Amino acid sequence: MNDSLLVVLIASGVAYGTPLLFAALGELLAERSGVLNLGVEGMMLVGAVMGFWTVERVHANTGLTLALAIVIAAVAGTVMATIHAFLVITLRANQIVSGLALTIFAGAVGLSSYLGNNLKLADVPAAHSFHTLLPKGMQNLPVVGPILFGQNILVYASWLCVIAVGLYLSRTRPGLNVRAVGESPAAADTMGINVTAYRYAHTLAGGAFAGIAGATITLAITPQWVDGITYGAGWIAIALVIFAFWRPELCLVGAYFFGALQALAPQLQARNISLGPTVLWSNSLPYVMTVLVLVVVSSGTARRRLGAPAALGVAYVREEH
Amino acid sequence: MRISVEQRLRRPRWLTVAVPFGSVVFAFLVAAVVLVATGHDPVSTYHQLFDAAFLEKQSIDQTLIVATPLAFMGLAAAAAFRMKLYNIGAEGQMYLGAITGAAAGLYLGGRGGPSAFVIAAMVVAGAAGGAGWALIPGVLRAFFRTNEILTSLLLNYVAGLILTYLIFESESYWRQTKGFNATVFPTGKPLPHSAVWPGWTLHVQGGTTIPLGAFFALLAAAVLWLLYKRTRFGFEAQVLGDSQRAARYAGVRMRRKILAVMAVSGAIAGLGGASQVGDFSHALDGDPNGLQKIGYGYTGIVVAALGRYNPFAAVLIAFLLGGLENAGNTLQGPSFPAGLVGVIQGIILFSALGGEILSRHRVRITRKSTHVTAAPARAPEPAA
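Chain order of the listed sequences is A and B. Residue numbering for the first sequence follows this note's numbering, beginning at 1 and increasing consecutively. Residue numbering for the second sequence follows this note's numbering, beginning at 1001 and increasing consecutively.
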């Protein structure tokens, strides 16, 4: 029963969806404060390469090394996000162009590739990687075993993050302030909220999440380093935030859905199931589905851009004199 | 201390030139720091870079091979970005143009038509292929208001998968199926002689060939310039870019404009794809580590943004960045750090963006204490 296609797809959907979920949560925080960051792909790649570097170079026990790798990946993502934050918040540059610049700078042919090649990380398996956490007995339970208990610690951490971000935005003072900053920075400023500080903090937090998302790929899903290993996951994460109407709990559902789509191609191949030109169809499915869901979400009921922060993408200038 | 940015009333002329120039210098300085930090000698690395880009024997010949597609991609991005339509799908539109252009070349060239006719057909087919692919995000944006940044980008991955599928995973019309080599490694079917684009060879640097595509790129730049500067279409597109509301009140037909601009942008990218096949590869390149790995379409965005969406500036910058990229390719190896070129390009773009703002604004740094009574205190900038 645990080998049935549906169970395997859902279980691997959860695993493959976890980096998407981390990245989407980070982008959600930045966007809720009014900063659109299209550099997710680049931040993820730098996080991925630095996390991988940590496990290759640090000689400590597995748990400690992996924890350190996640921290370093988060720091790397934060550093990347700082560039974007400085350009768009302090200098008020165009958020779209700056985000694209970040992806080019950090991305598959930029800094992440430079670091990966310079630190000689390509073509070696990870010295440490994340494995399933819970006892085998639990993992073998029918259906829930592989889906819920057969996951690594990052998956459980991501659930905590969803809850934390959800509570933060709906139940805490700073969380409500962020939403005010994203909806109407002028009003927030009048209330005495420091718009600049809030936007910086949440853009940087978004970078940290993206860095962790990248490390999830290189340390849990495919424990190795290859140039451009994220294959567009950062872009799917940005789209996810739109599907999820800027709500963390819906990010989780969407991330697992797209995770399952990514798992579909290898699963079908392993089972010798053919859908016409299999490789082409099933490989392009995550991208095509993302486009289709975007179309559905952006037309019809959601036409009023339900949930989008009103000041998303707009620099805030205080009228002082 | 408090940093404030205020608008300049008048923008000095010299800044228009100084900003891009300063950005390049700044980028090389920052990259030098990265080089030193990772144990490379910046002086010798840069020396190698410029030699390989512009000075060595046949270096300009090689640079043109990179600069030609970059010019097309830069023009494609400039055409759309100018209207604030962020088509970042030039990469995929180029693949599609390569596929349709190659199909036209293989089919018509194989029937022995005159070369000029075959090439013209490849140009038209390539442009149509690119425009068609660009119209997918165009239609979605015009009719469903779907974010064109995401759709055009995601379609790049799909286009890449199609390209690989045609050569590696199927026995398509584009694939070479005869001969011993075809059984060893899948390749595209070579173009017949009449479908190969001629170049103009100059006797400098031991033979420098200017590809036909480079002339097409210049022509495309001129057409684009005329279109945006001298026609009603271009004027309306720019109004739409500056203010949607003003455009709507002026009676601009938004949907049509979006579709037209996306089609023009895609057509230029597709033409770049046809030039890729006709000028350089002479067969459809489906290798995931070949054309797809270079990412001309993404560098095109850097080209367009640095040229501030001016078509002629885009061609010039394509040549300079093409040199950089060419040098990066030829030097790639143990002694030269891979990815350095992307890093430099990214920093150039960041500093151009920042410089652009600084040239329009004045930055004032004031001590907080003198302003305590005048303005409410703002928290200091979080440290970078």
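Everything labelled a hint here was simulated from the structure, so no lab data went into it. If you're wondering where the values come from, they're calculated on a predicted model, not measured in any experiment. Where is the CB? At the ideal position from N, CA and C, for every residue including glycine. Incorrect hints may have been included.
[To be verified] The following residues of chain A were derived to be distant from chain B, with all beta-carbon distances above 10 Å:
1) L68
2) I104
3) P142
4) Q267
5) S299
[Claimed, not checked] Derived coverage of chain B by chain A (criterion: at least 3 residues anywhere in the stretch with Cβ under 8 Å from a Cβ of chain A; other residues may be distant):
6) 1098–1111
7) 1146–1153
8) 1159–1165
9) 1298–1304
10) 1352–1358
Verification of the supplied hints:
At roughly 21 Å from the closest C-beta of chain B, the C-beta of L68/A stays outside 10 Å, upholding its exclusion from the interface. With a cut of 10 Å on Cβ distances, I104/A falls inside the contact zone with chain B, its closest approach being about 5 Å. Listed as a non-interface residue, P142/A keeps its Cβ farther than 10 Å from every Cβ of chain B; the least gap is roughly 36 Å. The Cβ of Q267/A sits about 18 Å from the closest Cβ of chain B, beyond the 10 Å cut-off, so the non-interface label holds.
Distance to chain B contradicts S299/A as a non-interface residue, since its nearest Cβ pair spans about 4 Å, not more than 10 Å. Under a criterion of three residues with beta carbons nearer than 8 Å to beta carbons of chain A, the stated coverage of the stretch 1098–1111 of chain B fails, only 0 such residues being counted. Figure legend: the stretch 1146–1153 of chain B, annotated as covered by chain A; annotation consistent (6 residues with Cβ-Cβ distances under 8 Å, at least 3 required). Residue count for the stretch 1159–1165 of chain B with a Cβ under 8 Å from a Cβ of chain A: 3. That meets the three needed, and the coverage hint holds.
With 4 residues bearing a CB less than 8 Å from a CB of chain A, the stretch 1298–1304 of chain B meets the requirement of three and the coverage assertion stands. Closer than 8 Å: that is the beta-carbon criterion, and the stretch 1352–1358 of chain B has 5 residues meeting it against chain A, so the requirement of 3 holds.
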